[in-house]
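Please work from the sequences and hints to get the whole structure.
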Amino acid sequence: MRTSAGRARFLDEDANALEGTAKIFVKIEPSNLGAPVLAQLDTGCPWSILKPEIAEAINLMDEEGQPQSLSTRLGLVNGQLKRTTITIIADDGNSIDVEATVFISADWTAGNFLGYGGLLERVRFAVDPQENFFYFGPSA
Amino acid sequence: MTTQLNNSDVFHQLPGGGEYTRHIAGLAAMMGHGIDQSLGLGSPQHRQAENGERTKNAALTHSPIDLTLDLAGPFIGDCGTFLCKASSPAGKHRADQSPSSPATGLVAEHIEITYRVALSLMEREQITLARKALDALPVGQLGDPIITRLRKMLAVPVTKTSEKRDIDRTLDYQWIRDHAQDYRGQWVALDKGELLSAATSLRELLDHVKALRSEHRPLLHQIS
Numbered sequence: 001m002r003t004s005a006g007r008a009r010f011l012d013e014d015a016n017a018l019e020g021t022a023k024i025f026v027k028i029e030p031s032n033l034g035a036p037v038l039a040q041l042d043t044g045c046p047w048s049i050l051k052p053e054i055a056e057a058i059n060l061m062d063e064e065g066q067p068q069s070l071s072t073r074l075g076l077v078n079g080q081l082k083r084t085t086i087t088i089i090a091d092d093g094n095s096i097d098v099e100a101t102v103f104i105s106a107d108w109t110a111g112n113f114l115g116y117g118g119l120l121e122r123v124r125f126a127v128d129p130q131e132n133f134f135y136f137g138p139s140a
Numbered sequence: 001m002t003t004q005l006n007n008s009d010v011f012h013q014l015p016g017g018g019e020y021t022r023h024i025a026g027l028a029a030m031m032g033h034g035i036d037q038s039l040g041l042g043s044p045q046h047r048q049a050e051n052g053e054r055t056k057n058a059a060l061t062h063s064p065i066d067l068t069l070d071l072a073g074p075f076i077g078d079c080g081t082f083l084c085k086a087s088s089p090a091g092k093h094r095a096d097q098s099p100s101s102p103a104t105g106l107v108a109e110h111i112e113i114t115y116r117v118a119l120s121l122m123e124r125e126q127i128t129l130a131r132k133a134l135d136a137l138p139v140g141q142l143g144d145p146i147i148t149r150l151r152k153m154l155a156v157p158v159t160k161t162s163e164k165r166d167i168d169r170t171l172d173y174q175w176i177r178d179h180a181q182d183y184r185g186q187w188v189a190l191d192k193g194e195l196l197s198a199a200t201s202l203r204e205l206l207d208h209v210k211a212l213r214s215e216h217r218p219l220l221h222q223i224s
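Heads up: the protein sequence lines correspond to chains A and B, in order.
All letters in the first sequence, in the order written, are residues 1 to 140 by the working numbering.
All letters in the second sequence, in the order written, are residues 1 to 224 by the working numbering.
Worth flagging that the hints you see were computed from the coordinates, not collected in a lab.
Treat the hints loosely; a few may be bogus.
[What the hints assert, rightly or not] A few chain A residues facing chain B, derived, Cβ under 8 Å:
hint	residue
1	A35
2	P36
3	A57
4	M61
5	T87
6	D91
7	D97
8	A100
9	T101
10	E121
11	V123
Just so you know, even glycine gets a beta-carbon here, dropped at the ideal spot from N, CA and C.
Below, the structure is given as structure tokens:
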């Protein structure tokens with residue numbers, strides 16, 4: 001069984017993270033943004049989240065979505081679920097395009113997140129913490 | 001009321017087709033409410049004493065006649081019954097409709113209930129259960145606009161490989177570690193460990209980056 005299509009080096013700490021704990025930030029390209037950005041891997045997050053400025057840049061803010069509220073560590077956030085393509089970008093091997101459901105809110109002030117529902121649930125992935133490699137591939 | 005939803009227990013009871021009252025009872029059980037509560041028939045004390053399994057069993061054995069008589073009351077149009085936080089744009093529209101026939105009204109109610117159940121499950125982060133609740137609708141009801149939209153949002157992600165590739169960003173990650181303190185609140189564009197541009201908004205940064213015509217696409221990041 002093939003597990004990985006590609007791999008990419010991840011950022012395991014973000015100097016601006018207020019709580020200062022180690023996290024995994026992987027490279028993604030939302031839809032047609034034209035450049036990679038970082039998103040925190042968070043399997044506990046029910047949906048992936050994009051910063052509103054990114055959603056605006058890829059013309060996702062104007063699309064009609066499914067109204068949804070999300071309970072977060074910053075409190076309850078109202079927004080919408082929308083469907084878009086997120087590319088998990090590889091340094092080696094193949095990247096994968098995921099037609100995913102993401103949560104978008106103009107009120108969201110934290111970063112980008114890759115959540116389980118609507119995205120990671122169909123991605124095989126593994127982490128090499130020694131080398132800071134994120135291995136990933138389609139689940140089927 | 002705290003109720004643990006059990007995927008297999010609940011959905012083995014959901015019909016794929018015509019057993020309408022059993023479906024409604026199953027949906028009510030999924031919501032963690034006794035059917036008596038959902039239909040306004042029981043006492044609060046009794047409801048609080050029940051756990052999810054007993055509620056489900058009670059719901060499934062309840063008289064279909066009682067269910068049908070009470071469905072149009074508290075079950076429909078009362079989002080609070082389901083602790084529903086997500087808005088239901090179609091809900092008001094449906095509540096205002098005068099069904100042309102009892103059968104049409106029943107189908108509309110069926111769709112409305114399923115929609116609200118799915119929304120409530122989503123609020124509880126029970127995404128798989130929400131998908132199953134929608135999938136349990138008869139095929140003829142899956143084309144309803146509100147159901148179609150919700151099913152689209154709940155569709156499992158589709159993946160495919162791509163030839164797109166990026167460079168190793170180790171040097172850019174190091175830049176973030178070393179310089180984040182100096183660029184708080186700003187968007188930065190990085191390449192090979194060097195700052196290409198910084199701006200207060202992503203739109204502004206993208207404009208700068210387009211003008212640069214750098215060898216690689218830069219890594220974009222907001223220092224918060």
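To see whether the hints hold, each was checked on the structure:
1. Given hint, A35/A at the interface with chain B, holds; its Cβ is 5 Å from that chain's nearest Cβ, closer than 8 Å.
2. Look at P36/A: its Cβ gets to within about 5 Å of chain B, closer than 8 Å, so that hint holds up.
3. Of the supplied interface hints, the one on A57/A holds, with its beta-carbon coming within about 6 Å of a beta-carbon of chain B, less than 8 Å.
4. Here the hint on M61/A is broken, as its CB sits about 12 Å from the closest CB of chain B, past 8 Å.
5. Annotation: T87/A was flagged as interfacial toward chain B, and the flag holds, the nearest CB pair being 6 Å apart, inside 8 Å.
6. For D91/A, the shortest C-beta to C-beta distance to chain B is roughly 5 Å, which falls under 8 Å, so the interface hint holds.
7. Contact between D97/A and chain B, as hinted, is supported at the beta carbon level, the nearest pair being about 5 Å apart and thus within 8 Å.
8. Interface hint status for A100/A: upheld, as the beta-carbon distance to the closest one in chain B is roughly 5 Å, under 8 Å.
9. A hinted interface residue such as T101/A counts as satisfied when its beta carbon comes closer than 8 Å to some beta carbon of chain B; here the least separation is about 5 Å, so the hint holds.
10. At about 7 Å, the closest approach between the beta carbon of E121/A and any beta carbon in chain B falls short of 8 Å, and the interface hint on this residue holds.
11. Contact between V123/A and chain B, as hinted, is supported at the beta carbon level, the nearest pair being about 6 Å apart and thus within 8 Å.
Going through the hint list in order, the structure does not satisfy hint 4, though it satisfies all others.
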